[in-house]
Amino acid sequence: MSSNIGVSHPHDSAPLHASGTAIYIDDMPEPRALLHAYIGLSTEAHARIVARDLSAVRTAPGVVAVIAAEDVPGVNDIGPSLPGDPIFADDVTEYHGQALFAVAATTREAARAAAALAVIAYEPLPAILTLDEALAREDARVLPSRLIKRGEPETAIARAPHRLRGTLRIGGQDHFYLEGQIAVSQPGEQGDMLIFSSTQNPSEIQHLVARALAVPDHNVVCETRRMGGGFGGKESQAAIPAAISAILAALTKRPVKLRLDRDDDMVLTGKRHPFRIDYDVGFDGSGRIEGIDFVLAGDCGFSPDLSGGINDRAMMHVDNCYFLENISILSHRCKTNTVSNTAFRGFGGPQGIMAIEYVMDEIARHRRRDPLEIRRLNFYGDGPRNVTPYGMAVEDNVIGELVEELARSADYAERLQEVAAFNERSDWIKRGLALVPVKFGISFTAIHLNQAGALVQLYTDGSVLLNHGGTEMGQGLFIKVAQVVAEEFGIPVERVRVSATNTSKVPNTSPTAASAGTDLNAKAAQAAAHAIKQRLAHVAAGEFGVPPTAVIFANGEVIGGRRRMRLAELAKLARMQRVSMSSTGFYATPKIQFDPVSQTGRPFYYFAYGAALAEVEVDGLTGEYRQRRVDILHDCGKSLNPAIDLGQIEGGFVQGAGWLTTEELWWDASGQLRTHAPSTYKIPAIGDLPPIFNTRIYQSGRNRENAIFRSKAVGEPPLNLGIAVFLAIKDAVMAFAASRRPCSLDAPATPERVLMAIERLRAGGAASSDEVPVPGTAAGRPPDAEAAE
Amino acid sequence: MPVGRRAVLGTGTAAVFIAGVAPGPDAAAGETRGEATVATVTVELHVNGASHRLTLDPRTTLLDALREHLALTGSKKGCDHGQCGACTVLLDGRRINACLTLAVLHDGQPVTTIEGLADGETLHPLQAAFIEHDGFQCGYCTSGQICSAAGMLEESRAGMPSFVTADLAEPQPPLTDDEIRERMSGNICRCAAYPNIVAAIRKAAEIRA
Chain A
1 MSSNIGVSHP HDSAPLHASG TAIYIDDMPE PRALLHAYIG LSTEAHARIV
51 ARDLSAVRTA PGVVAVIAAE DVPGVNDIGP SLPGDPIFAD DVTEYHGQAL
101 FAVAATTREA ARAAAALAVI AYEPLPAILT LDEALAREDA RVLPSRLIKR
151 GEPETAIARA PHRLRGTLRI GGQDHFYLEG QIAVSQPGEQ GDMLIFSSTQ
201 NPSEIQHLVA RALAVPDHNV VCETRRMGGG FGGKESQAAI PAAISAILAA
251 LTKRPVKLRL DRDDDMVLTG KRHPFRIDYD VGFDGSGRIE GIDFVLAGDC
301 GFSPDLSGGI NDRAMMHVDN CYFLENISIL SHRCKTNTVS NTAFRGFGGP
351 QGIMAIEYVM DEIARHRRRD PLEIRRLNFY GDGPRNVTPY GMAVEDNVIG
401 ELVEELARSA DYAERLQEVA AFNERSDWIK RGLALVPVKF GISFTAIHLN
451 QAGALVQLYT DGSVLLNHGG TEMGQGLFIK VAQVVAEEFG IPVERVRVSA
501 TNTSKVPNTS PTAASAGTDL NAKAAQAAAH AIKQRLAHVA AGEFGVPPTA
551 VIFANGEVIG GRRRMRLAEL AKLARMQRVS MSSTGFYATP KIQFDPVSQT
601 GRPFYYFAYG AALAEVEVDG LTGEYRQRRV DILHDCGKSL NPAIDLGQIE
651 GGFVQGAGWL TTEELWWDAS GQLRTHAPST YKIPAIGDLP PIFNTRIYQS
701 GRNRENAIFR SKAVGEPPLN LGIAVFLAIK DAVMAFAASR RPCSLDAPAT
751 PERVLMAIER LRAGGAASSD EVPVPGTAAG RPPDAEAAE
Chain B
790 MPVGRRAVLG TGTAAVFIAG VAPGPDAAAG ETRGEATVAT VTVELHVNGA
840 SHRLTLDPRT TLLDALREHL ALTGSKKGCD HGQCGACTVL LDGRRINACL
890 TLAVLHDGQP VTTIEGLADG ETLHPLQAAF IEHDGFQCGY CTSGQICSAA
940 GMLEESRAGM PSFVTADLAE PQPPLTDDEI RERMSGNICR CAAYPNIVAA
990 IRKAAEIRA
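As given, the protein sequences belong to chains A and B, one line each in that order.
Residues 1 to 789 in this note's numbering are what the first sequence lists, from first letter to last.
Residues 790 to 998 in this note's numbering are what the second sequence lists, from first letter to last.
So that you can see chain B by itself, here it is in the shape it has in the complex (with noise of 0.2 Å):
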């Protein structure tokens, strides 16, 4: 692991990303993985509400987590390069690509994930108003759509200007088609329901207005 890479981390969770990748491997917090013990480290996530103590590679990333160690398959592997958005996530209600990020980074720190994002048995507006438009076909992308626009339309509200905002000054930004279009290409769509994603948004946002 190259200084420079590790520079980049921030300082409380880089010192366990260390510990975790040192060779030496103490066998108390070793997993097998295969033949091979690797070192492990032990994680505490909390996940839609609930708080889950997780002994991991620390090379794990948030999205394998998530689908391999907590069962939350609702977020999706579409590239595995966080180019597509289908396994974006909300981090203390921010949105991230989850297979771009390591698990042990987020330790404490509050997850939601599709499967979180309902009231009970009462649909988040985003998932009703996706329900109404149609906006999915095959549906592969379409927890990453929803918890990528329930994190934009935060970002919005928080009046977060985007690339395509005309005024920068502005302190609320409205959120048109187009700025929706803008705030959402990070979050693609093979089906190109994207009309539909469109008028599902518009419908929620205007909901929470």
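The following block holds chain A by itself, in its conformation from the complex (with noise of 0.2 Å):
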């Protein structure tokens, strides 16, 4: 058996973190005159800019730049795909926290305090500040709706025998990742500049940076050794600090910081899309499906962003695990003068599987039936019900059994007894259990994102040099594509050191994103390995007088016939022969294609499936609740590395239910964004785990297709199965009504909403799904949906 995969190797910076000598960017030792920049924020949300006077921030002490939107070298704009992100806002300020204009000083403060010196004269523009209003004027669009449809949804839903409408309005999400943005540049001769950034994607602020500075993407150099945390915040907004400290590095010829404060991050950075879900959903007396409409709004912000593929993935994910035949699925992408919205940790998929998974139960409440009865009923089956609604085959399905074994092993239809003989003897303590499955889309839907590159060097000493376009956020890439590597020679992990991601080693490079940061360069660092194992083997079988194919690596030891050597030994007989020991590698994901006319294609090449069973506890008279227990079963392929996985499916899941349950983002009326620290905005602590916390890995899992070493992606989908600490609680607050009538939630479902959610039913309030006459007629929305605001 290897040591190396499937073994629960530490992490690589373990040692590090545990005695605090990890060197993130605000820990490296300061370049000699250094100026730290302070950007300032605009403080309207729509105006326009008519007067911007900075002569009292040019003369403050300490100030050696200042710089706004007329003194960008090149591009003005940092638009990860599409333009719209301008660095300065020029004549129109689209949100409030905007950047303006950014100083550079000998001294933070100093900078800080020069910048509140700025007078800045507005005209109010009207501004869309909510989602509603956005979605009902249809020029607050960032990028055109999009619609995927099949089979006759229409005369399917009005033709079933039950039929149910309603809202489900779903809050946005800040990243909160314990490390800032930050960047330090540093100037270099003939237009160099070397950018240090806390960043997901070091290509692209390579790219967006030369573009900012007008200057070829080969002057630019951008370094990434490890993040404080990136959960998609740092896949394009890092270009923010990084093209604003490059612009300042290059007109003052000193090296600058942009260490953003935690509430200036928190305004001025886009956040996960809120979304607005309208259902209109029609189903037979068992519960199933026959047809279902989907209209998706999702709150974009000023500007496209990554919004696009966002709201493609919101919609591939509204099917979860469910064959829906006949279905439309119209998505908006609306405009409003907030932050623009970007990539958080599933990337718009959680939205869509928070939907059908609200719409799984209430129409289970409607039939009066357990929720999972109804789940298992609609899951994907053999063909033809195994589909998409965007056309691809479901052909690795394993929800069934895998929803099986976590029924069996967490007491699913006991513990429902249990609940159901709590509540009738509790009246203002009411308990709650949702079993959630979940299915999951792995690639980037931008197709060309799916590759990646790699360099790998070995030294005579038999070290071996490891880097790829890959960065560390503390998800355990790193030693994950470690453990591929030493397989690869037969050497253990040790030997292999993993360098910081530099644009300089490997070019080009995708972000690392989608979960598919190790398929993608474990792949290609395996390619590279494999290229110098290859030419070794050669060298080798020389030596050993056997064909090169007879030649193995194994235990840091080269072998052949009867013949052994140390790995370092052939290293050194493959320098002296002048053999090369430096090998690029690069990887595509075979098999995926799609039609963005048609909606249709391949997108994923594989799916990662998963299942939670939440059980709560709500106090009907605070809307307080807590977790009694949660336990979780979920498919990683063949671990590459039990112990990271089980730690990305725990996190997943906490960082999920705080989405949907804590933390809440709050607007004021005129925009400004008034949770912007942790005393506001509450993201999970280790007192909201629940006290009985099981999470294990699916052991039957393997990846049908050729993903390293049949390994899955776990990054991303065990966020979504938070939402079953959400229909958990929903599940409890239906409970205080005695007729188990349905009744609205939204998300997040903070003590307040959950609260008032309880009172309305007190009140004999409205259900959050209209119940439709059959055949269906023409009824307005819920009266219900304002009320939930």
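The hints are simulated quantities; they were obtained by calculation from the structure and are not laboratory data.
Take these hints with a grain of salt, some might be off.
Unchecked claim - The list that follows gives simulated cross-link-like pairs (lysine to aspartate or glutamate, DMTMM-like), each with its CA atoms no further than 20 Å apart:
(1) Lys682/A to Glu959/B
(2) Lys682/A to Glu752/A
(3) Lys682/A to Glu705/A
(4) Lys638/A to Glu418/A
(5) Lys682/A to Glu995/B
(6) Lys572/A to Glu543/A
Stated by the list, open to error - Selected chain A positions facing chain B (Cβ under 7 Å, derived; list incomplete):
(7) Ala51
(8) Ala65
(9) Ala69
(10) Glu179
(11) Gly228
(12) Gly542
(13) Gly647
(14) Ala685
(15) Ile686
(16) Leu689
(17) Pro690
From the three backbone atoms N, C-alpha and C, an ideal C-beta is built for every residue, glycine too.
Got two chains here, separate frames each, mind docking them using the hints?
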């Protein structure tokens, strides 16, 4: 058995983290004559900037340079795929907190104090501050709407014996990476710029900064050793500090550090997209869906950023684990005068999964059935009931057996009875239970991003230096890729050193995102190591007098026939024989294709699966709740590193539960974000953990596709498991109504929202889903929709 | 500086503090901040067993003194509001958010940071347990978690009850997982490595017990 693959090696930086010696960008020794930058932010959500007097800023103590839109040497735009994200707002500011100018000064304090001296005169323009407002206006879109349609949804819904429609609102989420956005830019000779950036996307930083500086890409190098958390928030947003620090560095010819304050970070940079979901579903008496219509409105904020892909992924995840034969998914990419929303772990997928899981729950309440029964009934099956709305066959479906295994191991049936019995005898405290299955598509839906490069170097002492395009943000990518390279050379993983991600070593890389970091980079690194190994095999074959194919690399040795030598000896021999021990490797995910016109194809190489069972307890007097127990079973294929994967599963689940429960972003009537620090924005704390928290990796897991050692991506899929906590809370809320009538609950289900939902139930309030008389008549929007806010 | 704010400061240090921010800076005690001259004070910090004499703007937080003046960058600035716990250090063995206290308030007091927890090459039991149990992902909160846990274990051993302690009369409340979670709730971890953090602390507590 391999000592490298499937083994729980600790994170590559484990000893450094435990001793405080891991170097993040803010920890690096500061270069000579370093300047510190601070960004001046807009205080209007939508306004014409009529005057911008920065004279007092320029003359403030310690100030060396002040820049605004007109000072950008090249393009004043850092939109990742589409234009629309200015580095500095020029004539018009489009959200409260947008960057207007930046100051470089000898100290951070001086830069910050100087920025406060700016005098900006605004002429307010009409601002669209809510998603509903944007949805109602057809001109308020950052991108054109899209439709995926299959079968005859209108007819199927109209003909179905039962029909429900309703609205669900889902809030956004701040990434709250513990290490805020930061960059240090160091100017070099002849227009060179070296940028240390806390980014998931060094190649894009290189490209966008080069464009902003009006220099060729080859002048700019971006290096990222590690991030203190990314979660998607450093996929495109890291370009803001990187570009501003680089422009200031180019202008002053001095190194410039830009570290955003926590509060500034939270108002200036994008978040998860809030969604409004309108559904209309027809189903039979057993709860089987006959037709469904979704309208997904995503709040993109003021610019496109990555919103196209995010809303696409939401559309491609409303099916989750279910065969929806007749379906219409209409997606609106709404524009509001708020910060431009961006990638966040799951990239729209969680919002889509949340939509269908909410509907499943509503159908179960309507039919007075166990929601799990309704879910099972609608699961994807064998062909033809295995084709997604976008035309991809689900060939690797394990959700049925995975859910059965979880339900069995976590005593689902018994606990359903227990919860019901408890609720019978408890008036003010109610319990709720929910089992949520998850299917998540793996690959970038932008097909061209599914590629990776690596550079592997073997030295004559037998040690290996590995570089690849992926970035480390705590997810364990570096150790996993090192394990793969070690396996290829047959050496212990300690002999492989992973160096900082650097655009001058591996060029034109994709962001570390879409859960695909290991899938892509480990394959590329494996290819590079394999190329070197092939060359070495020839050297060894000559030495041993055996054919190259008979040479084996194992246990730090190279074996051929009856002869063997240490890898270091062979490396020295190869050097003497003038054989290259450096190689690049490249990988492009096979099989995937997608036609954006027909909205069909195979956007995903494979699917990852998982399920969570959550039990919660809700206090009917306060709306407060706590998790009592959570059981998770998750599919990692054949896990490369079970300890790392378990951490991703648990962490993803907790982050997903936080999104739907306590994490509330709150903007005031002027469009100002008021929850911009941990004092008011509540991410899960250690005390929010359920006292019983069982997480297991699905032992029968094996990737049907030829992904790296048959493993599966694990970054994003488990975040969706947090939906179980939301639906368990909803289940407990329902228990407060004797009639078990439905009741709306929007996300995040803060204690306030939970209490209001209970109060509505007590008052005999309306349902979240409107029961539509059959045949369906034109019913208005649920009367409850506004009341829920 | 309003009088009310000054009044809450300790007597001895308050005198230093007021002198530091008094207008009309003494050139001899001035530090150039940009073009402006800011009055400074001298403070002796005892960090990880070593003594450092620093001349600081009196507004310098303990965290900035450690990071910017002593190059002890293990303690992190997560929120700079005392709400995330990433900057937790030990002051006389008790945990404190280094971003919420001024360096000049701690003249002569022993400060222990993550860099000073190990005994030479031998890791502190908490450091070893965090590695063994994967008590981190991105690592940015880890220094604070470990320092906080070190202080917390001492509080627990001293019999200090917590919000979830069932019997307040109990001289030595047992350190259950529930107690660990409650007592560590001031240190947030966005990666949510929480189950492993609890496991690591439990392990370290068992070793020391």
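Tested hints:
1. Lys682/A to Glu959/B: Violated. Lys682/A to Glu959/B sits at ~33 Å, over the 20 Å cutoff.
2. Lys682/A to Glu752/A: holds (14 Å)
3. Lys682/A to Glu705/A: violated (40 Å)
4. Lys638/A to Glu418/A: Distance ~35 Å between Lys638/A and Glu418/A Cα, so the pair is violated.
5. Lys682/A to Glu995/B: violated (32 Å)
6. Lys572/A to Glu543/A: holds (13 Å)
7. Ala51: violated (26 Å)
8. Ala65: Violated, about 13 Å.
9. Ala69: Where the cut-off is 7 Å and the nearest Cβ of chain B is about 25 Å from Ala69/A, the hint is violated.
10. Glu179: This hint holds: Glu179/A lies near chain B, its Cβ roughly 5 Å from the closest one there, short of 7 Å.
11. Gly228: holds (3 Å)
12. Gly542: violated (44 Å)
13. Gly647: Holds, because the Cβ-Cβ distance from Gly647/A to chain B comes to roughly 6 Å (cut-off 7 Å).
14. Ala685: Where the cut-off is 7 Å and the nearest Cβ of chain B is about 5 Å from Ala685/A, the hint holds.
15. Ile686: Status holds, d = 5 Å.
16. Leu689: holds (5 Å)
17. Pro690: violated (10 Å)
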